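S.K.: Okay, here's what each chain looks like letter by letter:
There are 2 protein chains.
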Amino acid sequence: MVRISLDLMGGDHGPQVIIPGAAKALERHPDIRFVLYGLEAECLPILDKYPKVKAASTFHACELAIAMDEKPSQALRRGRGKASMWQAIDAINRDEADVVVSAGNTGALMAMSVFCLRTMAGIQRPAIAAIWPTVKGESIVLDVGATIGADAQQLMDFALMGGAMARALFEMDRPTIGLLNVGVEEMKGQEDVREAGRLIREANLDGIDYFGFVEGDDIGRGTVDVVVTEGFSGNIALKAAEGTARQIAEYLRAAMSRTLLAKIGYILAKGAFDRLREKMDPRKVNGGVFLGLNGVVIKSHGGADAEGFAAAIDVGYDMVRNGLKAKIETDLDKYRATRAPEGAPTGTGDEV
Amino acid sequence: MVRISLDLMGGDHGPQVIIPGAAKALERHPDIRFVLYGLEAECLPILDKYPKVKAASTFHACELAIAMDEKPSQALRRGRGKASMWQAIDAINRDEADVVVSAGNTGALMAMSVFCLRTMAGIQRPAIAAIWPTVKGESIVLDVGATIGADAQQLMDFALMGGAMARALFEMDRPTIGLLNVGVEEMKGQEDVREAGRLIREANLDGIDYFGFVEGDDIGRGTVDVVVTEGFSGNIALKAAEGTARQIAEYLRAAMSRTLLAKIGYILAKGAFDRLREKMDPRKVNGGVFLGLNGVVIKSHGGADAEGFAAAIDVGYDMVRNGLKAKIETDLDKYRATRAPEGAPTGTGDEV
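Protein sequences appear in the order of chains A and B. Note that this note's numbering gives residue 224 to position 224 of the first sequence, counting from 1, and the numbers run on in steps of one. Note that this note's numbering gives residue 16 to position 16 of the second sequence, counting from 1, and the numbers run on in steps of one.
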């Protein structure tokens, strides 16, 4: 049994999408038990339409929902203890759930998760890991927005956590890890990235295979299983790639509707186009994973439909089934053991 | 007349691609006069095959070529005063050229350009500006790799220079400028970006229209004419987008060759696919522009073919014809006039 807590009020469409999404995930994984949090008047009528979800769930009425555009600090102030988002996260603390999934706003979800679950012992800052489609399959990219300007030690932590996640998600023994960098050599400002490379190499963890530096175009190429970077550049990379995919889809649409021959060609090749669309479909790779907290939090895209939200639940399911948290803890223990007993965290030396 | 200096030895194919590229550009712009630098034995036989280029050129024999994988510091040490790359840049100092174009290695070209031309008075650090295809046309993105971790004042300078370049390249009066940022609010680590926003707004330059923050997916959407960011994230964004475009092209190829119907469809729609390919063709938007130096330096992709190199020459030609350097200087003067007479550069307050 995997116990999954859902914030029914998150996302652009709230329970109208989340509950049907839960139904889809439940079909694939009948051993899921849901703990649901939401406003009674909005949720119960929809829940009644999905008897299988209802039968596999416990519903908890909440008095408050966090808005998609609410500032994290305000969400925390207003929603602490009361909002469906908070309650869904807190279910982990109360040992009522193994993982929480929310399509709510990222900033509020991260702020509440950090406040409610706290960072794991030995991890300074959380990371958001994205599952990125590549030519070879999928890779993990972290951090995509939680820790802007992560320093060398934090990048080292991200490598460790990303490696554990790859083992859990891809069911592999020794994922390859690359540090995102720019190609031009001898540039200033990469001290943290270089130092992180040194730390990862020296840690010599047996659960990860350190590849070295990779560049932006290596992500889509699938050069490594896990790409590690700080949150600003990771977020920019993710959004730039999404933007490019959307842009090309638009070019393609325009090109295929310009002439009669192109239109006929499109109809004949429709099966191929459908497969292509599926491959480029962000719903299929929905679900950012918050790493470094005392509990697994899955963030679904706010605009996800039922299929997309179900994909986010799938990720949460896999993370629990394959013991993500235990894998991170094991690696952390091994990592700590490799370091001097005094164990003062190694600074990068170039900061205040 | 536009005087363009070329480093014939740069790029993966050297004079074999550069000279034919020069021929293509010359056809489009018969008022170009080339100043050519290269190894005599390699260049002259090819130049003889292109009599029109030869007639419009002065060739200077050099004794040294910079390798594509040479480290910037080594290139500078070894090539100073002697290499074709150095000589081509130095032609600007000797007032023999208005702009230099090289497909040589980016790090070496930047190091030599800074050393040889120096940064403009009032500009602390150079930037590399990329011309980025968007749904609406083209935008300028800077910096894509020269100044890692640019601070607020440097980002302000980039906005000013990017604005001047947009006016020169797109021949518009008041380009819109956006600062690249991540969407999640109230995150630490964005102090420089916020402070830069304040500086740009306060400078209130009449040559730029400050839009505010934009995110990674706004680049391809063409939300603004100029996207400003520091060099690390800019480089990662550029490469991530390139990687995604290549990845989708690969998906498309695979999808179109899977079934007989798809193959027939592809043949019928070939005209449309060719147009799409052209739109995605990096050769058409080749040419990064080094900004902030006492002279305009155009960097072509190392792997560019003749068409691609010609596109880089076109960019250089436009920059001279439309007075890029004068435009930057005018804006700098106006900007300086808005600041206190003591004029100590505004620090960001959060650095050592």
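Take the hints with a grain of salt, since some may be wrong.
Put simply, identical chains are the same to the list, so a pair is met inside one copy or across any two.
Within a straight-line C-alpha distance of at most 25 Å, the following computed DMTMM-like cross-link-like pairs (lysine to aspartate or glutamate) qualify [to be verified]:
1. 49 x 171
2. 24 x 250
3. 270 x 206
4. 54 x 318
5. 327 x 206
6. 24 x 314
7. 71 x 217
8. 71 x 191
9. 71 x 195
10. 136 x 242
11. 136 x 307
12. 263 x 250
13. 52 x 274
14. 327 x 70
15. 270 x 307
16. 136 x 217
17. 263 x 274
18. 270 x 250
19. 136 x 70
20. 327 x 96
No lab work stands behind these hints, which were simulated from the structure alone. Computed from a predicted structure; not experimentally measured.
S.K.: Indicate, hint by hint, whether the structure satisfies it.
M.R.: Consistency of the hints with the structure:
1. 49 x 171: neither (36 Å within a copy, 59 Å between copies)
2. 24 x 250: Close neither inside one copy (30 Å) nor across copies (31 Å); limit 25 Å.
3. 270 x 206: Neither. Shortest intra-copy (46 Å) and inter-copy (50 Å) distances fail the 25 Å Cα cut-off.
4. 54 x 318: For residue 54 and residue 318, only the intra-copy Cα distance (22 Å) is at most 25 Å; the inter-copy one is 66 Å.
5. 327 x 206: within (12 Å within a copy, 57 Å between copies)
6. 24 x 314: within (10 Å within a copy, 55 Å between copies)
7. 71 x 217: between (33 Å within a copy, 21 Å between copies)
8. 71 x 191: between (33 Å within a copy, 17 Å between copies)
9. 71 x 195: between (34 Å within a copy, 20 Å between copies)
10. 136 x 242: Both. Shortest intra-copy (18 Å) and inter-copy (17 Å) distances satisfy the 25 Å Cα cut-off.
11. 136 x 307: The answer is within: 23 Å in one copy meets 25 Å, while 31 Å across copies does not.
12. 263 x 250: both (15 Å within a copy, 22 Å between copies)
13. 52 x 274: Classified as neither; 31 Å inside a copy, 50 Å across copies.
14. 327 x 70: neither (34 Å within a copy, 42 Å between copies)
15. 270 x 307: Answer is within: at 22 Å inside a copy they meet the 25 Å cutoff, but 33 Å across does not.
16. 136 x 217: both (13 Å within a copy, 24 Å between copies)
17. 263 x 274: both (15 Å within a copy, 15 Å between copies)
18. 270 x 250: Answer is both; intra-copy 16 Å and inter-copy 17 Å each pass.
19. 136 x 70: So residue 136 and residue 70 fail the 25 Å test inside a copy (38 Å) and across (31 Å) alike.
20. 327 x 96: Within. Shortest intra-copy distance 21 Å satisfies the 25 Å Cα cut-off; inter-copy 64 Å does not.
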